[in-house]
Amino acid sequence: MGEGTGDSTGERLRRVGGDTPLLEVRHVIKRFGGFAANDDVSLKVMPGEIHALLGENGAGKSTLVKIIYGSLQPNAGEILWKGKPVTVASPAEARALGVGMVFQHFSLFEAMTVAENIALALPDCKATRELSDTIARVSANYGLPLDPNAHIADLSVGERQRVEIVRCLLQNPELIIMDEPTSVLTPQEADQLFVTLRRLAEEGCAILYISHRLEEVRTLCHHATIMRRAKVVAETDPATETVNTLAQLMVGNEITRVIREKGKLGPEAILLKGLTQVAQDAFGVSLKDINLSVRAGEIVAIAGIAGNGQKELFDALSGEEPAEKEDMVIFAGEAAGTMDINERRLLGAAFVPEERLGHGAVPALKLSENVVLTRHGTGEGIARRGFTRFGKAGRIVEKVTSLFDVRKGVIDPEARSLSGGNLQKFVVGREVERTPKILIVAQPTWGVDAGAAAVIRQSLIDLSRKGAAIVVISQDLDEIFEIADRIAVISRGHLSKAEDADTLTPEKVGLLMAGGAEKKGAAA
Amino acid sequence: MRLELVKRSEKSRLMSVLSPVVAVALTVVFAGIVFAAQGHSPLAGIWYFFLEPITSLWGVEQLITKATPLIIIALGLSVCYLSNNWNIGAEGQLTIGAIVGSIPPILFPDFVNPLVLPLMLILAMVGGALFALIPAKLKTTFGTNEILTSLMLVYCSNLFLDWMVRGPWRSPQGYNFPITIDFHEWAVLNAVDVGGIYLNLSAPIALVLVAVLAVVMRSTLKGFEIRVLGQSPRAGSFAGFSNRRMTYFAFALSGALAGLAGMMVVMSEIGKLQPVISPGYGFTAIIVAFLGRLNPVGILIAGLVIASSYLGGEAIQTSLQMSSKLATVIQGVLLFFVLAADTLILYKVRLVTGREGEGAHA
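Chains as they are written, first to last, in this note's numbering: chain D, 619 to 1142; chain Z, 16 to 377.
Derived by calculation from the structure, the hints in this document are not laboratory data. Yeah, the Cβ is synthetic: ideal placement off N, Cα and C, and Gly gets one too. There's no promise every hint is true.
[Stated by the list, open to error] Simulated pairs of lysine to any residue, SDA-like, Cα-Cα distance not exceeding 20 Å:
1) D:K684 x D:A654
2) Z:K22 x D:G1038
3) D:K1026 x Z:K22
4) D:K891 x D:K929
5) Z:K237 x D:R1007
6) D:K702 x D:A714
7) Z:K237 x D:G1009
8) D:K906 x D:E939
9) Z:K22 x D:P981
10) Z:K237 x D:D958
11) Z:K26 x D:G1027
12) D:K662 x D:L818
13) Z:K237 x D:R1002
14) Z:K22 x D:E1032
15) Z:K26 x D:D1030
16) Z:K22 x D:A982
17) Z:K26 x Z:R242
18) Z:K22 x D:L690
19) Z:K237 x D:G997
20) D:K1010 x Z:V230
21) D:K929 x Z:V49
22) Z:K340 x Z:V49
23) Z:K22 x D:S689
24) Z:K26 x D:P981
25) D:K906 x D:K929
[Unchecked claim] To give an idea of the chain Z side of the interface with chain D (calculated C-beta under 7 Å), a few residues:
26) G211
27) T235
28) L236
29) F239
30) V243
31) Q246
32) R249
33) A250
34) G255
35) N258
Excised from the complex, chain Z in its bound form (with noise of 0.2 Å):
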């Protein structure tokens, strides 16, 4: 007896669906296992890391917060997965953006009134789209592979963000800290009291782009266009649409957004740079993009239950005393169940019985 994967006609539209539900069931279990190797019992591991963390309006306030960014960066990432382009370097154009954004504030202190806050962040998009077209304009010109341009390029913008707030940039009120000056009144984004939670303007932008991007996928050309190319170049070319346009495109649209999330990380959380101003939201949203069938709404859903394992990270870490970096573990898990619960969209399983297996070596 053994098992068979059979290849379905067309996909399952039902395991389309049920397969990240498959894959966050299987995850569960995995973590349940690794609370009870670490000594500790699996369903109040399951609880304080999966459950506990949103039982509060202040949980739910950090999930928001945590999920935002991720969110709006794995919109532009899909756009560019499915268009067959592999931006691996969100987190760089994060930084980048962050730091283009943030010319107004630290450069111009004395140019205060209520133009900085959108200037910046449309500088923030611009700075993240064109950091973004260099692993664009190298893939359509040389060749080369835009998975390792983009990703080292991440490293660069890093170190070039360290140096400037350790170097040009760093305040002179700062006791020598690696921070610039704090960013003005207009300069940052103010949480509003909304039913006893306090949000940004952040989270309904990212909804806004949530609700555009799923209009322009669905039933705009641009959407089929980035669809066919990504499937299919040589119908796409048939069709009348460039491969290369469409780098460029899905390239500097995922820069923009990774941009725009890193600059209202800021606005909002820190207020000024410092050496450190991303938890690694460019990377984490790859898994968000993912999880969330490179879907919009997908990545909404995707973006909150993500956010909840950095929560569940720090609650295991004061409740159970356990190291937060398996909120890392369990995001790894996670995608991959994700991916290998995929199978079951394209394939059936089948159990094929003894006899029949044999009858293949008569």
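Chain D on its own, in the form it takes in the complex (with noise of 0.2 Å):
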């Protein structure tokens, strides 16, 4: 496997650079405990290439990217850079070599300005006027437009992520890698993006580019490897393929697609009214007069970039954050503002936070102990007089575990030892199971491989046309438009109105992202 580099048919013209590999990996094998995360991987990427790294969840990329650039070290297979072996013991000898790498989570300090962060991953860490020229040239040059001294906390997800960026080119990197870029931007903000990213490859730098979305690596990358458990599958040019092959590469099998009709709408079952709530904390976001209603069984949607008032929205509608007034959020005709989050339950409302681990499941209790975490104040019977009853949790677990296909070594397994996609299938399963008559969810399949979320989200529609009102808090657009009957936009603590999903485009909700939704919102 990963053999076949050698054509150079499917590369584009526009790739300049010579034909000595700036990075090969050969044969790389990486081992936690018992189990291989890189399996004999190899993979070449040519100066000024763009080179896609693709592949589900747990297929093994972030591995591979961390030997790359230096934070794991591989138990066997070599590392050329420009030909010649090199051991990389770690991220700074990465940077020495000339690696640079942009994060999916990133690491910057809210309170300093862009200047001071960026002069901490420099040498002598002197935020000097010299350095913000620097920056500020920089920058301009590469379309990145910043600020030298405005604070992080003010920047949104997008500049912030052009922070990391001028962060890396500021090391003349001959590699960047970038993993996950466009997964918090805005559609406008990810075409910006590509804009740099070319003109980067242009100048002969090469880059690394993982994703999930598959349309967007066709159009930007030279080449893609497409990684599957553990494996390198396939390399190929992507542009010679539809999304729908690539998928299949990365997935192995055709994905089942998600069924959606329009269901039969009953009366409306949440109601916000007015929803006002200021930040707790100095990086909280505080919500806005917040309308929306929603009908039983039709999907509402809530789309917006991360950091805009999700975590605060979902905390109030839970009931994690009561609200003001009571008459503020009401659930099946029932003033639910101050009533706390099983008070709420007993209307017949559920939860799914975006947080499996340490929110919506404890990592090392069993699966029976977490059914009772939020099944014990149901009026299931699942506490009685005080006492609990982990057969019935226990019994409640086989009939999650069948009806959403989770997949578990042991009977009843700790929460953590589960996959990402199987234990949130569980805390999904576990709330639909109820049969709810309201759920809210945040990121339903949020970092979940294809499989999963597919049934994942024909969950939510069948529990939808079964007479639920749901309301959706996700980042994924296509995962939106994919299971919405309408759509929201939150932006800064506002919320757009909820228009049907029908007469919008991913566009349209993207301009709504970056801003559009506050005037609207502000209006309304």
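Take the two lone chains and join them into the complex the hints point to.
Shown next, in the form of structure tokens:
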């Protein structure tokens, strides 16, 4: 596996640079205990090439990238840089070679300025005027406008990413690794990023580009390496493939499409009236006059870039952060604003938070105990007279397991031993199995492989067609358009009017995400 | 060649049980080395320290007497530690509990009837609980570190007791010794002959508490709440549990149990108040709680093991003329090994051969 990169027919003429691979990874093996995360993986990146690394979650992409960047050491295999074998013992050594990395989760200090953050990565750590000038020049040069004196806390996610990229560029890298760079961007911001990346490639800088978004890989990348289950399964020119063929290479079989038919709408089940909440901490987002009505039988998606009030909205809906007035949140006709989470559950509501481990489930507790976690107060007799009935919870685990195809090694494992996708299926299934009348879900398929995502999305649609009102808070536009009947956008604590999904396009939603929602929300 | 710790995907049940045994074994070996270093035969030292004290009925009686307060206090502390509330001040709660519980026999010496005994126990629990609520309140209101506040309150309580027995509560018939008047007959716990061992009410109370807490932790919603909030406060609030209320609950419970234990020590062994009423039960109980894996039955066993080290300290003093402080050293070493051996529950040790190790840098 992993051979057959020799043909140059698939490469576009636009690629600049020599024919010696800039980076070559040969037969790398990385084991964690008995589990191989990389099993005989080989990869060649040419100078000036935008090289896509594709694969589902858990396919081994992150492990490979960490090995290249020096934060992990392989158990076997070798790495060649410009044809010479090298040992990359640490990220510092990787940077010395000329490898830069832009992480999916930013590592910036919010209270410091752009220049100060960048200075921290440089050898002498001084934020001088000279450095500010360099930052301004480099950022303008690559179409990444940045104010060196702005505080990180005031920047949008797209701008924060620019800081990371500029920080990386100042180290004059020859290879930049980008881990899911567009997952936090609006479509417009992503387009802007692509212009920069093409420009970099034209100057001879190679880019190793990790993404789930096959459409952008098709238009952007010269070459793609596809991984599945710790191995390289294919090498291809993505421009010659369709999104479907790429997806098939990644998943290994046809992905089941989600089936959606219009449901019958029932009475109004969720009503938010002027929901306003002041942020609890300095970096939180205040909710500003949020109005939303969701009827039984429909799914309303709330789109938005991370950190625009999604967490606060979820907490206000779940009751973990009760509202100021009881009629700000109305569930099934009852004013629930000041109720706690279990009183809301008794009204027929169920909740799935964004974070699986540590919020939706306790890592070191068994699945049956995690069933008790959210269902002890729902009047189902899982807790009676102060005693818990784990036997009953165990039967629910079995039911959820078979309904959602949760794969587990033992009958009742600890939550942390499940893979991300399986745990997410369990956490969603635990609530769906109750057939709630109201379901609030945040990021239902975040970091979950395509197969599990399809199962989860289908279950949400099926539940709504059985008469549940569902609110899905998600950053994933593909997901939103796949399952939502109506879409609203949250931006800095404002919520836009929920509009019919059929009348919207990703571009339109993107504009709302980039701030368009605020004016509308404020005017409403 | 090197040793590598490999994370297990789940807790090892076998190691959960074995790790205290490993720790005790290592402690015995360590004690042997200390005896040898002091010029004594290691085997003789181990015999006198660990085994000789429990070869007589009197030794067993002493063992139970010393273990009882440790177990009762450690039970309360285990609830604190499981729910992520670090109460280090059980010694102070014990002291204040004993002072408050001593109000009837000292201030109302003429109120002599069978009701005094339960009244004293209840007052001691209330006193200990209220005193424990001080660090709890400070934690929930100001976010102060409860480790520091609860520990510092120990010194306050000890000085308060010292002042009480030298000042307002000093016995007029005490020849100026810092002691209170002797408790009357209904204010003391009398020992009863049980098969050659003299025991008072406190031992059966400890056993009942072990059983109750075992049931609470295993199969009640309260026990579940304690575990969830300790492991993951956010998941706890998602379940509708309140961290704040749990902090009050855990501190009040452990304070009450420490007060109860302190009162029973005073009522059975001393019969009055004096400047020192506990040989550090409140601190040693922390070791007992962890050695017992914060599990009620484990605490029962750990209480007996630790109590034997008190007796062992006295035994080596008389038989080998060694300092009884060695007992404290061995308790500390035991806790050290317990915490170290706990690593084996979540990790397994793997021997990595040279080849594979070098492969990393190829």
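Hints versus structure:
1. D:K684 x D:A654: holds (15 Å)
2. Z:K22 x D:G1038: holds (18 Å)
3. D:K1026 x Z:K22: Roughly 18 Å separates the two Cα atoms, so the pair holds.
4. D:K891 x D:K929: holds (18 Å)
5. Z:K237 x D:R1007: holds (13 Å)
6. D:K702 x D:A714: holds (15 Å)
7. Z:K237 x D:G1009: holds (17 Å)
8. D:K906 x D:E939: holds (15 Å)
9. Z:K22 x D:P981: Satisfied, since the Cα-Cα distance of roughly 15 Å is no more than 20 Å.
10. Z:K237 x D:D958: Within the cut-off at roughly 18 Å; holds.
11. Z:K26 x D:G1027: holds (14 Å)
12. D:K662 x D:L818: Holds, at about 19 Å.
13. Z:K237 x D:R1002: holds (12 Å)
14. Z:K22 x D:E1032: holds (14 Å)
15. Z:K26 x D:D1030: holds (13 Å)
16. Z:K22 x D:A982: Status holds; Cα separation ~14 Å.
17. Z:K26 x Z:R242: holds (15 Å)
18. Z:K22 x D:L690: Holds - the C-alpha atoms of D:L690 and Z:K22 are around 16 Å apart, at most 20 Å.
19. Z:K237 x D:G997: The given pair, whose Cα atoms are some 17 Å apart, holds under the 20 Å limit.
20. D:K1010 x Z:V230: It holds: about 18 Å lies between the C-alpha atoms, which stays within 20 Å.
21. D:K929 x Z:V49: Violated, at about 57 Å.
22. Z:K340 x Z:V49: Between Z:K340 and Z:V49 the Cα gap is close to 12 Å, so the pair holds against 20 Å.
23. Z:K22 x D:S689: Satisfied, since the Cα-Cα distance of roughly 18 Å is no more than 20 Å.
24. Z:K26 x D:P981: holds (11 Å)
25. D:K906 x D:K929: holds (14 Å)
26. G211: violated (40 Å)
27. T235: holds (5 Å)
28. L236: holds (5 Å)
29. F239: holds (6 Å)
30. V243: It holds, given that the least Cβ distance between Z:V243 and chain D is near 6 Å, below 7 Å.
31. Q246: For Z:Q246, the interface hint holds, since the closest Cβ of chain D sits about 5 Å away, which is under 7 Å.
32. R249: Holds: closest Cβ of chain D sits about 5 Å from Z:R249, inside 7 Å.
33. A250: Since chain D brings a Cβ to about 5 Å from Z:A250, closer than 7 Å, the hint holds.
34. G255: holds (4 Å)
35. N258: violated (12 Å)
In summary, the structure is inconsistent with hints 21, 26 and 35 from the numbered list given earlier, while agreeing with the others.
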